[in-house]
Each structure stands twice: as structure tokens, then as C-alpha cells.
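Using the sequences plus the hints, can you model the full thing?
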Amino acid sequence: MSSSSHDAKATATDSPYHPPAGATTTPRASVPRSLRDRAASLTHRDTWLGDYDWSSLFKLRWNPYSRQKNAATETPFYGLDDNLPILLAAVAGLQHALAMLAGLITPPVILSSALALPADQQAYLVSASLISAGILSAVQMSRIPLFKGYQLGTGLLSVVGTSFATLSTASAIIEHMYGNGTCRTEGGVKQACPEAYGYILGTAALCSLLEMGLSFVPVRLIKRALPPIITGPVVFLIGVSLIKSSGFPDWGGGSACGPDPVASCFDPHGYQWGSGRYIGLGFLSFMTVVLVEIFGSPAMRNASIVLGLLLPLIVAGPTGYISRTNIDAAKPITFLWVHTFPLKIYAPAILPLLAVYLSLMCEAIGDITATSEVSRLSVTSRQFDKRIQGGVLSDGLGGLLSSLFTITPMSVFAQNNGVISITRIANRRAGYWCCVWLIIFGVLGKISGAILSIPKPVLGGVTTILFSSVAVSGLRIISSVRFTRRARFLLTLSAGVGLGNLLVPTWFGSVFTYPANGPNAALRGFMDSIEIIVETPFVICAVVGLVANAILPLEEEDPTTRRRAAALTRDSIVNTSRSFSSPCRR
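Counting from 1, position 25 in the sequence shown corresponds to residue 25 in the UniProt record's numbering; the numbering is continuous, with no gaps.
Note that these hints are calculated values from the structure, not bench results. All of these numbers come straight from a predicted model, not from anything done at the bench. Worth double-checking, as some hints may not be accurate.
[To be verified] Derived lysine-lysine pairs resembling DSS-like cross-links, with alpha carbons at most 25 Å apart:
1. Lys344 <-> Lys190
2. Lys331 <-> Lys446
3. Lys148 <-> Lys386
4. Lys244 <-> Lys190
[Unchecked claim] Simulated restraints, written as ranges between beta carbons of each label pair:
5. Phe489 <-> Pro218: 22 to 30 Å
6. Pro515 <-> Pro218: 27 to 35 Å
7. Gly274 <-> Arg488: 37 to 45 Å
Virtual Cβ for every residue (Gly too), placed ideally from N, Cα, C.
Have a look at this one:
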């Protein structure tokens with residue numbers, strides 16, 4: 001075959017990786033030709049260990065400020081279809097599972113606390129989140145052929161978890177349900193409301209049809225409709241609103257308590273919300289993440305958030321901040337549907353959740369692009385476009401299935417991209433091992449009970465970093481935009497309304513005066529949906545941005561800017577997706 005024909009073929013599919021001169025290449029084990037050869041290969045060292053530099057994963061950075069760089073041996077890069085050693089695949093999969101863990105347990109912990117669910121249901125939701133992530137990640141990593149060249153899944157090492165965009169909107173919907181009487185409060189204390197969770201799941205399942213339908217729209221049209229000038233402030237507001245509603249309140253003693261004296265609560269020690277003891281405990285978890293990032297080995301840095309949750313327990317346990325109630329309430333072994341919730345459609349939540357699915361689609365495109373790039377595959381070929389289509393379709397299907405699995409919609413995560421770049425393993429075998437680990441963690445119900453026993457200040461110190469990374473990713477997206485007069489004005493409009501809503505959340509509370517028990521249920525539902533949209537900062541920001549982008553005329557400088565923006569969009573999405581918790585939001 002001529003070199004020109006080979007180049008044409010490589011452009012039509014994924015571009016192969018060509019290592020630089022002198023670099024260590026991946027050892028490719030020969031393919032066994034018979035069952036006897038397969039059995040014999042299991043006794044070979046290369047089948048289990050390969051020639052990977054294992055010490056590089058666990059080597060601490062004793063002097064991170066040294067200007068002298070250690071001449072470390074470069075570990076081999078394992079591509080998508082290389083023959084990855086078994087033990088290495090299991091260890092790399094565990095790294096991915098640990099990197100995802102905090103992002104998977106945080107949403108069910110926050111939502112179940114907001115709904116005042118009993119301890120056994122809270123533990124179940126954590127387990128269900130882990131099991132669902134394992135199952136749906138396996139679907140996303142597969143590349144199942146469909147009709148007319150379409151496919152389901154990316155075929156990459158793409159993992160799946162609950163999106164923080166869903167968490168922000170679901171929290172707003174829950175607050176609205178308590179406000180209009182759908183959920184009860186007694187003496188200012190929220191009562192358990194599993195019905196509200198069923199409303200969210202049923203509505204999310206219905207709205208997932210939007211993303212599945214949009215998966216068949218050309219990717220270039222989606223990017224044109226959702227440019228970085230719109231997605232950037234939306235991502236920023238998602239992160240900031242989560243810090244405001246959950247991160248810092250938990251750090252102070254618990255988001256269910258808060259600074260409001262009416263809602264203040266006391267722990268068995270008698271310390272009030274905002275006590276210096278709570279602040280100090282949260283600061284310990286905060287600094288644990290910082291110190292691991294400075295001195296930790298690559299394996300530790302991949303799991304820095306998990307270590308930030310676990311290491312402070314050495315102090316919190318002996319001092320009495322941990323209770324066995326949640327551990328005792330959790331079942332030793334569990335699975336999906338141990339607890340179920342009545343699936344119903346909550347009409348006021350339809351429009352906000354449709355906006356969430358638009359955000360999830362944008363998130364999926366960004367994360368798949370980043371995963372392709374860090375896996376050293378082409379991001380300009382027709383095969384890449386197929387991966388995007390299959391990934392978005394699987395993302396929408398995952399939203400439907402996760403709702404049926406009793407978990408709020410899941411989407412492609414960006415956490416694994418950092419793990420791929422550090423371990424130099426982009427092989428799907430590692431991804432499937434990650435799915436196995438997640439399912440194991442979920443089935444062992446006592447693990448979920450132990451997670452729920454982590455003190456709120458410890459959780460707040462870590463989630464503040466987690467949510468802040470989302471906000472920083474939004475700033476990174478905004479920084480990729482060339483600030484013409486039109487772009488500045490568009491950003492001013494969308495960010496101004498979003499930030500104003502975030503800082504003064506009650507400003508829209510008296511616009512609609514229709515009584516909650518009025519006879520026109522359709523009118524009341526429509527008004528409720530408008531209130532949820534306006535009172536959710538990132539949703540109203542997106543709405544204002546889309547409308548402004550449609551009606552603002554182009555300036556003379558804008559055609560050139562658009563061409564440049566098209567060239568920068570891929571790079572901005574790829575770079576921001578490397579954050580451990582950010583999507584096209586990232």
C-alpha cells in the first residue's frame with residue numbers, strides 16, 4: 001500500500017499513535033491460536049504484569065519544589081485495543097473507580113438529605129448510584145452497531161456518573177415542592193418526602209427522549225447552537241450555586257442546618273452550626289486534598305478526593321463525630337430496586353429538566369472529545385463523529401435507564417481523563433475493570449453506610465473543592481472566547497441575570513400570586529415551571545444566553561471571530577474537560 005493511500009485510510013478512521021523516536025512502545029503479546037495456547041499464556045509474567053513501571057504509580061514527591069527533574073523511565077502507553085496485562089488492567093480500573101467515587105456518592109447524599117429520607121434509603125441510593133454507574137459505563141464503553149452507520153456508545157474508556165447540573169436543578173425542584181406543599185414540613189423541619197424523588201425520576205425519564213433525539217443531529221450544528229460564550233457562564237454558575245447551597249453549608253455543620261437560626265441544629269456535642277470545631281474539621285479535609293496534591297504519588301492524586309474524605313476520620317472517629325446509625329441501617333449486601341419510588345411526571349419540572357439534558361449533551365461532547373485526545377485518537381475523522389453520535393445517544397439512554405434504576409440522570413464523566421494521562425492506559429479492559437469495582441462497591445451495602453457516616457464538615461471541605469473545580473472549568477471555557485463587543489454584551493446579559501438570581505434567590509418569589517390550591521391546575525403548573533426556571537441560576541442564564549445569541553446582530557468583527565471560535569472550540573472543550581469534575585460545562 002502506498003503512503004498516500006495509508007494516510008487517506010488513517011484520516012477516515014482513528015489516527016494511529018506513532019511514538020516519538022526513542023520512546024518506549026507498548027509490548028504486544030502474541031494472540032494465542034488455540035485453547036492450549038490460551039491456557040499456557042496465563043502462566044506468563046507478561047500476561048499478568050507486562051513491563052509497566054509499577055513504582056511510578058506509588059512514588060511520593062518528597063521534594064515537589066525541586067527544580068531538578070528526575071529522569072524517570074517512561075512507562076509504555078497502552079492504546080485502545082492493545083493487549084493490556086490482567087493485573088495492570090485491574091489496578092488501572094481501581095484507579096478510575098476511586099477517581100469517580102466522590103462524584104458518585106455526593107449527589108445521592110445531598111438529595112437524600114434534602115428530602116429527609118431515612119438512613120436505610122439514603123444508604124441504598126449511594127449503593128444504587130455506584131451500581132448504576134458501573135452498568136451504564138459498560139454500555140458507554142461498548143460500540144454497539146445500529147442502523148445506517150449509527151452506533152450506541154463511544155467505544156472509548158468513557159465512564160458515567162451523576163451530573164452536577166442535575167443535582168443543582170433537582171435541589172431547586174425539591175425546595176419548590178416543600179414550598180408549595182407537595183412535601184410537608186412540621187415546625188420548620190422537613191419531613192421525609194420519597195414522593196418528590198419519584199416525581200424527579202419520572203420527569204427525568206421522560207425528558208431523556210430529548211437528548212436521544214438530538215443524538216442524530218450533526219455535531220457541528222449542536223456546537224453552533226451552544227457556543228462557549230453560552231456554556232461557559234452556565235458551567236460557572238453550576239459550580240458556584242453548589243458551593244452556596246451545599247459545599248460551604250456542609251462545611252459549617254450541615255446544609256440541612258444552615259446559618260438561619262430557625263434551621264440551626266445541634267450535634268450530640270451541643271455545638272451549633274458554624275462552630276469553630278466544625279470549621280476546623282472541614283479545614284482538615286480541605287488541607288488533606290491540598291497536601292495529597294502536593295506530595296502524593298500519581299495513584300494518591302487520582303484518589304485525592306477520596307483520601308480527603310477518609311484520612312480526616314482518623315481525627316473525627318476518636319473525638320465522637322461519627323455515629324454507627326447509618327452503618328447499622330445499611331444492609332450487608334444490596335442491589336438495585338431494594339427500595340423503589342413511585343414514578344410520576346411533575347409538570348413544572350419538565351422545562352428545567354429539558355434544559356439539563358441540553359447541558360448533559362454539551363457535557364458528553366466535551367468529555368468524549370477529551371477522552372479521544374488523551375487516548376491519542378483522531379478528533380477530526382468520521383470515526384470520531386460516530387463516537388460523538390454514539391456517546392450522546394448512550395448518554396440519553398443512560399438518563400432513561402438511570403431513572404429506572406432509581407438514580408437521577410447520569411452523564412459522561414471527565415474524571416477518567418486525568419487518570420488516563422497519568423497512568424498512560426487508555427485501554428477498555430481497564431474501563432471494564434472499573435465497572436466491576438464500582439458494582440462491587442455498590443453491592444457491599446455497608447460501604448454506603450460508612451460513607452453516610454462521614455461528618456458533614458468533612459464532606460463540605462471536600463465538596464467545596466469538587467464544586468469549585470466545576471466553576472473554574474466554566475471560567476476556562478469563557479477564557480477561550482474572543483471578547484468582541486457583542487460577546488461582552490451577551491455575557492453581561494446572561495451572567496448578570498444568573499448571578500443576580502444566585503445572590504438574591506427570593507427576588508421572583510412574589511411575581512405569581514395564583515393560590516396554590518386554585519382550581520386551574522394547568523395554570524398553576526405552568527407558573528411553577530416558570531418559577532423553577534427563573535429561580536435556578538444556571539437555567540435562567542442559559543435561557544437568556546440563547547435568546548440574546550439569537551437576536552443580537554453581528555458586528556463587523558464577528559465573522560472573523562466566528563471562524564476563530566470554531567477553531568478554538570475543540571481545544572477549549574478538551575482542555576477544560578481534564579478537570580476531575582467538569583464537562584462541556586468543563
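Verification of the supplied hints:
no. : hint                          : result
1   : Lys344 <-> Lys190             : 21 Å, holds
2   : Lys331 <-> Lys446             : 6 Å, holds
3   : Lys148 <-> Lys386             : 11 Å, holds
4   : Lys244 <-> Lys190             : 20 Å, holds
5   : Phe489 <-> Pro218: 22 to 30 Å : 29 Å, holds
6   : Pro515 <-> Pro218: 27 to 35 Å : 47 Å, violated
7   : Gly274 <-> Arg488: 37 to 45 Å : 39 Å, holds
Checked against the numbered hints above, the structure violates only hint 6.
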